[in-house]
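Chemist: Chains as they are written, first to last, in this note's numbering: chain A, 1 to 164; chain B, 1 to 242; chain C, 1 to 225.
Hints were generated in silico from the structure; no laboratory data involved.
Remember, predicted model here, so these are calculated numbers, not experimental data.
Note that the Cβ used here is the ideal one computed from N, Cα and C, for glycine as well.
Hints should not be assumed to be uniformly reliable.
[Said to hold, decoys possible] Heads up, incomplete: computed chain B residues facing chain C, CB under 10 Å, no partners named:
(1) Ser123
(2) Thr125
(3) Val126
(4) Tyr134
(5) Thr139
(6) Val141
(7) Asp142
(8) Arg149
(9) Leu154
(10) Leu157
(11) Gly158
(12) Ile164
(13) Val169
(14) Trp171
As a plain string of letters, each chain reads:
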Amino acid sequence: MNALHMFYIRWGAVLAVATGLATLTVHHYREHLASFVPQEVASESPAGEIRVVGMVQSGTLTGNVSAGDATFTLTGQDASLPVAYQGPPPDNLRELKTLIAIGTWNASERVFKARDLGIVPNYGFVAGAYVVGLLPLAMFLFAMSRRVNLLYEEMKASRLYRED
Amino acid sequence: MTIHRVIRHVQRYQGWVGGGAGLCLAVGLYLGLLGSPPDYYQGEVVRIMYIHVPLAHTALLGYTVLAGGSVWYLWKRDPIVDNMCHAVAALSACFTALALLTGMIWGKPTWDTWWTWDARLTSFTVLLLILLGYLMVRTMVDDLEKEARYGAVLAILGFVDLPIIHFSVEWWRTLHQPQSISLRGVSIASGLLAPLVVMSIGMSLLFSYMLMIRTQLLYLNRLLDAKKGRLLHQFHVSKADS
Amino acid sequence: MAPFRTIRWMVWKDLVIELRSRETIASMVFFALIVILIFSFSFSMDQQAAHDVLAGMIWVAFAFTGMIGLGRSFSAELQNDCLEALQMAPVSRGALYLGKVAANFAFMFVVELLLFPMFVILFNVDIVEDLSLLLVVFFLATAGLAAVGTLFSALTVHIRAREVMLPILLLPMVVPVMIAAVEATKGALNGDPVSFYRPWLELLAIFDVVFTIVSFWMFDFVMDA
Numbered sequence: 001m002n003a004l005h006m007f008y009i010r011w012g013a014v015l016a017v018a019t020g021l022a023t024l025t026v027h028h029y030r031e032h033l034a035s036f037v038p039q040e041v042a043s044e045s046p047a048g049e050i051r052v053v054g055m056v057q058s059g060t061l062t063g064n065v066s067a068g069d070a071t072f073t074l075t076g077q078d079a080s081l082p083v084a085y086q087g088p089p090p091d092n093l094r095e096l097k098t099l100i101a102i103g104t105w106n107a108s109e110r111v112f113k114a115r116d117l118g119i120v121p122n123y124g125f126v127a128g129a130y131v132v133g134l135l136p137l138a139m140f141l142f143a144m145s146r147r148v149n150l151l152y153e154e155m156k157a158s159r160l161y162r163e164d
Numbered sequence: 001m002t003i004h005r006v007i008r009h010v011q012r013y014q015g016w017v018g019g020g021a022g023l024c025l026a027v028g029l030y031l032g033l034l035g036s037p038p039d040y041y042q043g044e045v046v047r048i049m050y051i052h053v054p055l056a057h058t059a060l061l062g063y064t065v066l067a068g069g070s071v072w073y074l075w076k077r078d079p080i081v082d083n084m085c086h087a088v089a090a091l092s093a094c095f096t097a098l099a100l101l102t103g104m105i106w107g108k109p110t111w112d113t114w115w116t117w118d119a120r121l122t123s124f125t126v127l128l129l130i131l132l133g134y135l136m137v138r139t140m141v142d143d144l145e146k147e148a149r150y151g152a153v154l155a156i157l158g159f160v161d162l163p164i165i166h167f168s169v170e171w172w173r174t175l176h177q178p179q180s181i182s183l184r185g186v187s188i189a190s191g192l193l194a195p196l197v198v199m200s201i202g203m204s205l206l207f208s209y210m211l212m213i214r215t216q217l218l219y220l221n222r223l224l225d226a227k228k229g230r231l232l233h234q235f236h237v238s239k240a241d242s
Numbered sequence: 001m002a003p004f005r006t007i008r009w010m011v012w013k014d015l016v017i018e019l020r021s022r023e024t025i026a027s028m029v030f031f032a033l034i035v036i037l038i039f040s041f042s043f044s045m046d047q048q049a050a051h052d053v054l055a056g057m058i059w060v061a062f063a064f065t066g067m068i069g070l071g072r073s074f075s076a077e078l079q080n081d082c083l084e085a086l087q088m089a090p091v092s093r094g095a096l097y098l099g100k101v102a103a104n105f106a107f108m109f110v111v112e113l114l115l116f117p118m119f120v121i122l123f124n125v126d127i128v129e130d131l132s133l134l135l136v137v138f139f140l141a142t143a144g145l146a147a148v149g150t151l152f153s154a155l156t157v158h159i160r161a162r163e164v165m166l167p168i169l170l171l172p173m174v175v176p177v178m179i180a181a182v183e184a185t186k187g188a189l190n191g192d193p194v195s196f197y198r199p200w201l202e203l204l205a206i207f208d209v210v211f212t213i214v215s216f217w218m219f220d221f222v223m224d225a
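Using the sequences plus the hints, can you model the full thing?
Modeler: So, in structure tokens, the structure goes:
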């Protein structure tokens, strides 16, 4: 059990913790990632609360937006979906804006009852930035630490190094 | 042979610095990725700020350390200070490059372009070029003492140049187009500040930890070369080590 | 006044060598002509387009020709170990530096004065109103290039691949000079009132002063044997 073994065990622990945290984070965001497009809603009629991604079609936005009451059409991939929104006054609701509508699909009225609106999250960019920012640093640090350990071993082996 | 006393101190304290860096970064990542709300205008993308800004701050901090160390080296001519300067330059270049890359990834969703000749991006690119020039020169000198001296001169000149570069690029941008796309539009709400501060501290600690490791690496390399070659004057190792 | 005599001797020495060999200025002028030729191939320009990019082209050509002159400034001293003689000479290093800066500045400025009319003629640009201000811009920017470039020329002369390393080190460092020179030249060529580009002239002057002082101080460390 020399210093190099300890070094690999330490880095193994760091790797395990990092993987665990990354898994937890991905798990946390997974529910936000699953979303439907208008075509799927019309054809599959999913039950329960779902999230739909689409663009507010030009000229369809009616109702009292500032009071939190609006109807509009979400389009995407040659299908469109009428949406009736009722909830807190939305910040981002305007025509030609790509949105996520959260609510339930009312199959009998053929209308999507939205209770909340959000802008499309760019999780890909966020994840990319964190990977690009942290991974090279970790690899750089690992390579340097390993080399330092090897050099200390070499010094001990060649009896150049006297421990104090 | 004994190890230089600076290196002995580094050996003693590096664990604490590394552990502190890990802890701060873990807390900062939790706050940044999970514990803070998305931004009103930028949405989730604002989370890139928590990695991009600390990287950029740390790169600038590193350059300041490099300039200070270079002055110190020219004054005292201690080889261990030169090892430290060399280590800082490599790490600063790495952090600058990563700050530019994360900035580009942030720019795509917010400005809809990977690259723009914004004042800060441009001055950071010039900073990266200066650092790479420094590192290249250090590989091209035969005499280690000369290498250290030339490196210190370059680092000091670059440090003096940095504010001038920044101002000139900024004037040049404001002359050519109003800064329609500027990071200054991001007003930092209090909820966004906490992860930013924690990540900044964590990155600085990580930088210090990496600096400790890399200084040891360069020091040991040079010491072993000197010991093997038995030509101490060629290897610019301080008298105390031999 | 010993330092001034040293400076005078350094300049005189470089000028005499140049007058006898005519190597540096001739190669700088020919190189600049080739650059002009390549510019004319690269952009098919009418008079208006040439007018818009003239300042940029001028400074690209000046910077690259300056690089040739600066590179030769110290590598020429390697012959017959003249560099070691300079290092051993019992004169102040700062005076050596200022002498070299003055000589390099003189070469670059002469070449610029020769080249500018060629730019005007070959690209058919309307002649400018205010030549004296243009000369001020050339003077300040060339002084900045010479101040940093002389130090880097002394620094790169001892390292491998010195011809490559000089531009790699120098060009990022003189980014402010290039920006300010292009903007001020543009203003002077357009005949804008001076107040439009006075900040750029001030920036050039600040750069010159700061880097002459810092390089003057650093030259000691570069020239140590």
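Chemist: Could you run down the list of hints and mark each one as holding or not?
Modeler: The hints, checked one at a time:
{"no.": "1", "hint": "Ser123", "result": "holds, 9 Å"}
{"no.": "2", "hint": "Thr125", "result": "holds, 9 Å"}
{"no.": "3", "hint": "Val126", "result": "holds, 5 Å"}
{"no.": "4", "hint": "Tyr134", "result": "holds, 8 Å"}
{"no.": "5", "hint": "Thr139", "result": "holds, 9 Å"}
{"no.": "6", "hint": "Val141", "result": "holds, 5 Å"}
{"no.": "7", "hint": "Asp142", "result": "holds, 8 Å"}
{"no.": "8", "hint": "Arg149", "result": "holds, 5 Å"}
{"no.": "9", "hint": "Leu154", "result": "holds, 7 Å"}
{"no.": "10", "hint": "Leu157", "result": "holds, 6 Å"}
{"no.": "11", "hint": "Gly158", "result": "holds, 7 Å"}
{"no.": "12", "hint": "Ile164", "result": "holds, 5 Å"}
{"no.": "13", "hint": "Val169", "result": "holds, 7 Å"}
{"no.": "14", "hint": "Trp171", "result": "holds, 6 Å"}
The structure meets every hint from the earlier list without exception.
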